[in-house]
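Student: Chains as they are written, first to last, in this note's numbering: chain A, 73 to 333; chain B, 73 to 333; chain C, 73 to 333.
One or more of the hints may lead you astray.
Note that identical chains are pooled: a pair holds if it fits in a single copy or bridges any two copies.
Subject to a maximum C-alpha distance of 20 Å in a straight line, what follows is the list of computed SDA-like cross-link-like pairs (lysine to any residue) [what the hints assert, rightly or not]:
{"#": "1", "residue 1": "Lys243", "residue 2": "Asp328"}
{"#": "2", "residue 1": "Lys243", "residue 2": "Leu275"}
{"#": "3", "residue 1": "Lys243", "residue 2": "Arg316"}
{"#": "4", "residue 1": "Lys243", "residue 2": "Ser101"}
{"#": "5", "residue 1": "Lys243", "residue 2": "Gln218"}
{"#": "6", "residue 1": "Lys284", "residue 2": "Ser196"}
{"#": "7", "residue 1": "Lys284", "residue 2": "Gly146"}
Derived by calculation from the structure, the hints in this document are not laboratory data.
Computed from a predicted model, the values in this text were never measured in an experiment.
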Amino acid sequence: MSILTLLTDFGTQDTYIGVMKGVIFGICSTVTIVDLTHDVAPQDVVAGRFHLESAYRYFPSNTVHLVVIDPGVGSDRRSIAFETAQGIFIGPDNGVMTGIHDSPIIVAVELDRPQYWRTSSPSSTFHGRDIFASVAGHLSAGVAIQALGSTIEVSSLVCFPELFTVNSEGKQQGIVQSVDRFGNLITNLRLDLNLLECWNIHLPDHILPIQKNYSESGVGQLVAIVGSHGFVEIAVNCGNAQERLGIRVGDRIAIDIKGNR
Amino acid sequence: MSILTLLTDFGTQDTYIGVMKGVIFGICSTVTIVDLTHDVAPQDVVAGRFHLESAYRYFPSNTVHLVVIDPGVGSDRRSIAFETAQGIFIGPDNGVMTGIHDSPIIVAVELDRPQYWRTSSPSSTFHGRDIFASVAGHLSAGVAIQALGSTIEVSSLVCFPELFTVNSEGKQQGIVQSVDRFGNLITNLRLDLNLLECWNIHLPDHILPIQKNYSESGVGQLVAIVGSHGFVEIAVNCGNAQERLGIRVGDRIAIDIKGNR
Amino acid sequence: MSILTLLTDFGTQDTYIGVMKGVIFGICSTVTIVDLTHDVAPQDVVAGRFHLESAYRYFPSNTVHLVVIDPGVGSDRRSIAFETAQGIFIGPDNGVMTGIHDSPIIVAVELDRPQYWRTSSPSSTFHGRDIFASVAGHLSAGVAIQALGSTIEVSSLVCFPELFTVNSEGKQQGIVQSVDRFGNLITNLRLDLNLLECWNIHLPDHILPIQKNYSESGVGQLVAIVGSHGFVEIAVNCGNAQERLGIRVGDRIAIDIKGNR
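All chains, full assembly: derive it from the sequences and hints.
Tutor: In structure tokens:
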């Protein structure tokens, strides 16, 4: 049994996702499909990268991850697939799948072989159906990644700059990269769990120490912890930090060592 | 492995869909269930028909499609199933499944045999669980459609009039039949792809030529194309046409041959 | 083929559910996972209990039901699993799974054996991934419930009081425990279906008889029926009772025998 995950910005109010599954099951009837989420904001490649990064490592290492957040569909952006020790990734070459991997890319291909597409005249607006779903189905059915297209240089892939930064004063500057359903503000700051007690989070009106877990604070209190994604996040115990603080995705967050300056 | 699709207006905030799947898997544990969408507006049979029409042709031809958009549940409207070369369709006889098929109906039955229901005293409000899910499970498990009920005349099925019209001036009048998550306005107008350049879309304040794809226009520009559903749709490149134009489902759209009148 | 249901308050806009499925399939690749709903209001244990109660009885009796509505995650509340003749239930010991079963609990355990967790150092905020999904995967793969932890007394489980009440005047007092997508107000009042015609619902400005089905009333009319969940619910035929009446979850509803007082 092989697993195929889907991550898109298509929402669930239309049949786009259902149609992609129809194409996949028509090629490989035994694959198990898992929806990561389809509620990424339309065309938000940065949020898509965060969601993929949050999820892929919890799947078996032979999983195929299909990502369709594709503002450039129909343009000359490449369609690609690449393989690491942690899975195979398929999607547009726009940065949504790059810079997130603990292990190096073994092989990358451009999906330029129409015999693996649903049709040699794909819709200009729905490569998710006509190219990506079809190719993902063939991969799940056992076709080798090298068969799906021409090998391309790993260094040629579109890659976002790393957002996590350390500035000259010993502080670290990050941003809020996602807000989850509970209003938790998830930064792009990673910290060594053994050194948590050394750091403070600087908010406009607060300085928060980083705690080990929620239960060190009372109900309704602001708390900074290293969340389940491995990033520093700002939460309100049994409450909503976004509503409390008015902080949004993209806002900058600083942390520094306690007592520094 | 057989596939069963679900299309309803039940939403996903309640357990109605989960319950239907419990009934289905209790009868046929090996079927693969695919959600088309459950976010059809409550009781909107026209939108349901659009979504079914958009999706069914991308599934294997032995797929069972279960549609439960059923404002008449508990009344004397019939519960039906019918078979075409492109699949088996189950749902209420209210037009939601009719008039959309490229191939003719081979056989139609009324679901009047309680031995295939979950209970001979079905809930008056949830035939989706007590009749349709159960019958769909038996179909998926290999029961022949003819066993599920009395054969009925295909001509007796409730059928919507075709919405696409050609008027006396050589124009074609259609409506916006759906707005997707991206704000694209999907009409019910189909056009020959080889004659695209001959047609204009008439909006209240715009005349738009029909283009081959988005990339012929700049970011933020209005564009009319034949979308992935095969219908003319009005979009804004990387934007939201519904917000731009204020056009809603049901609004009329006219197209005509360039230079006409 | 075994079935595993998921019921959470995680929503579907993040990858939390996808991640849990990754963990489960990594342990048991052949299980069939069914989403009940993930749109329970954050931390709403009462609504979660209603949804579980509405759904579990429609699944095969060997189904595993995993419930993660867990405001106390990271505190000292217990993680538990228990078995009845109608399935195995896994989740936090906070009342979300108790008091709803037609058949008694056969065995209950505390999930205190880290060898069945994803990691012996679980995230303090995401036991759904690190403990519950992993244990559910092992259960689905055939591990006996007794192996997963120390046996605990059934009487020690956190249990909500029964909300349904009969007052001294022969009336019954209940509450609206859920509002579904259609605006139907679902109470926690159960009635003998053979005695429906004896009862009236008392609303602030209305007295409604309880009817057998919608079709006894006209479109747009208020109606009280015993809904598909088995509870008395208040609906508007082809309309929205919540919008009409302004009644919310938690509001009290009284019924009495016709002619009483």
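Student: Tell me the hint numbers this structure goes against, listed in increasing order.
Tutor: Hints 3, 4, 5 not satisfied by this model.
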